[in-house]
Amino acid sequence: MISLPKIWEILTTKFHVFMQGVGTTVELALFTVVLGSILGLMVAVFRHTQFLPLRWLMNAYVAFIRGTPLLVQVLMIVYGLPQMGLRLPRMTLCIIALVINSGAYMAELIRAGLQSVEKGQEEAADSLGMNGYQKMRYVILPQAIKVTLPAMGNEFIAIIKESSVLYAVGVYELTYQANKLSSVNYRYLETMIVAALIYFALTYTMTRLLGLLERRMRRSENSVV
Amino acid sequence: MKTASSEVKNVVDSGSSTEVLVQVRGLYKNFGKLEVLKDINLNVHKSDVLVLIGPSGSGKSTLLRSINLLEKPTAGQILFEGNDLTQASRKELCRLRERMGMVFQQFNLFPHLKVKDNITVSPRKVKSVSPAEAEEKAKNLLTRVGLLDKWNEYPSRLSGGQKQRVAIVRALAMDPDMMLFDEPTSALDPEMVGEVLDVMKALAADGMTMMVVTHEMRFARQVADYVLFIDDGQIVEAGPPDQIFDHPQQKRTQDFLNKVL
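Chains as they are written, first to last, in my numbering: chain A, 1486 to 1710; chain B, 152 to 412.
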């Protein structure tokens, strides 16, 4: 039987335990979205260059990450890097794994943004004597990023949820904390419902915030772009 | 080299006594199996205004876009002030393009930048002109086209005619030796064509070297020093506007003019 009072009791008495997990989850997600965006941006730009080996390498990276499970990637990095002698804090290894994963998805998003910029923009920049860097930096990228921002927000929400796989490598994020609690109180259903509600509160708030931001951007776009 | 043999051929020459700015030699352009340009040979003299007319799909835009290498020729040479663009390194190509302004049918203003930044971004970033100097020049040019009040606006707030005038100013801000116009009035509402043509006329009167692809025959007749009729990838007939418009020699030219005039 599911007990509603029990859910309330777990939430109120163990609030600090969940909040500890929320802190870790949000920290992971923030680091990942920021560093992942930077990595994705670099990868997307490299995929745009004329230097073919670099392009192939980047394409291979994106294809590999998108074609393999996140959990496998996490296990490879978190246990694999120390095995190779790279001893880093567990949290750092987890962020590396998430960033490598998210960077590939971000690269795809940014690539779509780059492709959405009209060809005439590039021609105008060419005709003004801009070199490849100037063209990218001052003309194409600013327009591409603007198009990509909403999708990057969704990626942030996805990371909040997907970071739950890290419970498998013993990082004290939200899912790990909930799992630990329920293995003590044997109230798996109620405890996980609390965890799910907290995840939902996080992602729903983010969705609304991003929606607001997007509307504001679109409004300025009507007058601006 | 190749130049020697192509010199023998008929080179269309805009004919002024000024020095030659652009030389096109043996220019071919294929898109896949389609031959868009076939053996174009052309001299453009400084301060001349060349107007390229012809049916759509004739290759006139491709020829214009080949001049600053937005289209890469399949064969042949484009010499600008004696430098062969087809052999230039990427860096040299940028330096040469700085000196050829271009105006597009669809304006291609940078939508994320205000008018002032549209105009000053390339002088500042490409030519390392100081912000103050770039802005002063931009203001002067904008005043000349009557749009100084749009200084802080984004392009989306401008009408088509205003956008195109800003685009012309953006190109002029680089101090080009030559201007290329690719159907600059074709995307405009009829009532806005005049304001753009007026700017171009003033530019021509100032002695700017210009190549213009247009369907505005009246403008061609008024402003052109030399008119090229292009059809099927070749310069079919070329000469001063009076000759082309009043006494066309070629049947294809006559047919085309009968349709558009």
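What the hints contain is simulated information worked out from the structure, not anything from laboratory work. For clarity, every value in this text was computed on a predicted model and none was experimentally measured. Please note that a few of the clues may not be correct.
Computed cross-link-like contacts, DSS-like style, restricted to lysine-lysine with a CA-CA straight-line distance of at most 27 Å [to be verified]: (1) A:LYS1631 with B:LYS402; (2) B:LYS189 with B:LYS402; (3) A:LYS1665 with B:LYS265; (4) A:LYS1631 with B:LYS189; (5) A:LYS1620 with B:LYS402; (6) B:LYS301 with B:LYS278; (7) B:LYS402 with A:LYS1604; (8) B:LYS276 with A:LYS1604; (9) B:LYS301 with A:LYS1604; (10) A:LYS1604 with B:LYS242; (11) B:LYS290 with A:LYS1620; (12) B:LYS278 with A:LYS1604; (13) A:LYS1631 with B:LYS267; (14) B:LYS189 with A:LYS1620; (15) A:LYS1631 with A:LYS1604.
* Does the alpha-carbon distance linking B:LYS189 and B:LYS402 stay inside the 27 Å limit? -> Roughly 19 Å between the alpha carbons, so the hint for B:LYS189 and B:LYS402 holds.
* To do: Starting from B:LYS278, check that the Cα of A:LYS1604 is at most 27 Å away, please.
  => 24 Å, holds
* Distance restraint between A:LYS1665 and B:LYS265, which requires alpha-carbon spacing of 27 Å or less -> 56 Å, violated
* To do: Quickly compare the C-alpha distance for A:LYS1604 and B:LYS242 to 27 Å and report which way the hint goes.
  => The given pair, whose Cα atoms are some 21 Å apart, holds under the 27 Å limit.
* Asked: Do the alpha carbons of B:LYS402 and A:LYS1604 lie within 27 Å of each other, as the hint requires?
  -> With Cα atoms ~37 Å apart, B:LYS402 and A:LYS1604 exceed 27 Å; violated.
* To do: Please work out if B:LYS301 and A:LYS1604 have their alpha carbons no farther apart than 27 Å.
  => 25 Å, holds
* 27 Å limit on alpha-carbon distance, applied to hinted pair A:LYS1620 and B:LYS402 -> 45 Å, violated
* Asked: Given the hint that A:LYS1631 pairs with B:LYS402, does the C-alpha gap stay at or below 27 Å?
  -> Distance ~53 Å between A:LYS1631 and B:LYS402 Cα, so the pair is violated.
* Taking 27 Å as the top limit, are the C-alpha atoms of A:LYS1631 and A:LYS1604 close enough? -> Measuring from Cα to Cα gives roughly 17 Å; hence the hint holds.
* For the pair supplied as a hint, B:LYS301 and B:LYS278, is the alpha-carbon distance within the 27 Å limit? -> 24 Å, holds
* Proposed proximity, A:LYS1604 with B:LYS276 (alpha carbon, max 27 Å) -> 21 Å, holds
* **Restraint status (C-alpha distance of B:LYS189 to A:LYS1620 at most 27 Å)** => Violated. B:LYS189 to A:LYS1620 sits at ~32 Å, over the 27 Å cutoff.
Comparing the model with each earlier hint shows violations of hints 1, 3, 4, 5, 7 and 14; every other hint is respected.
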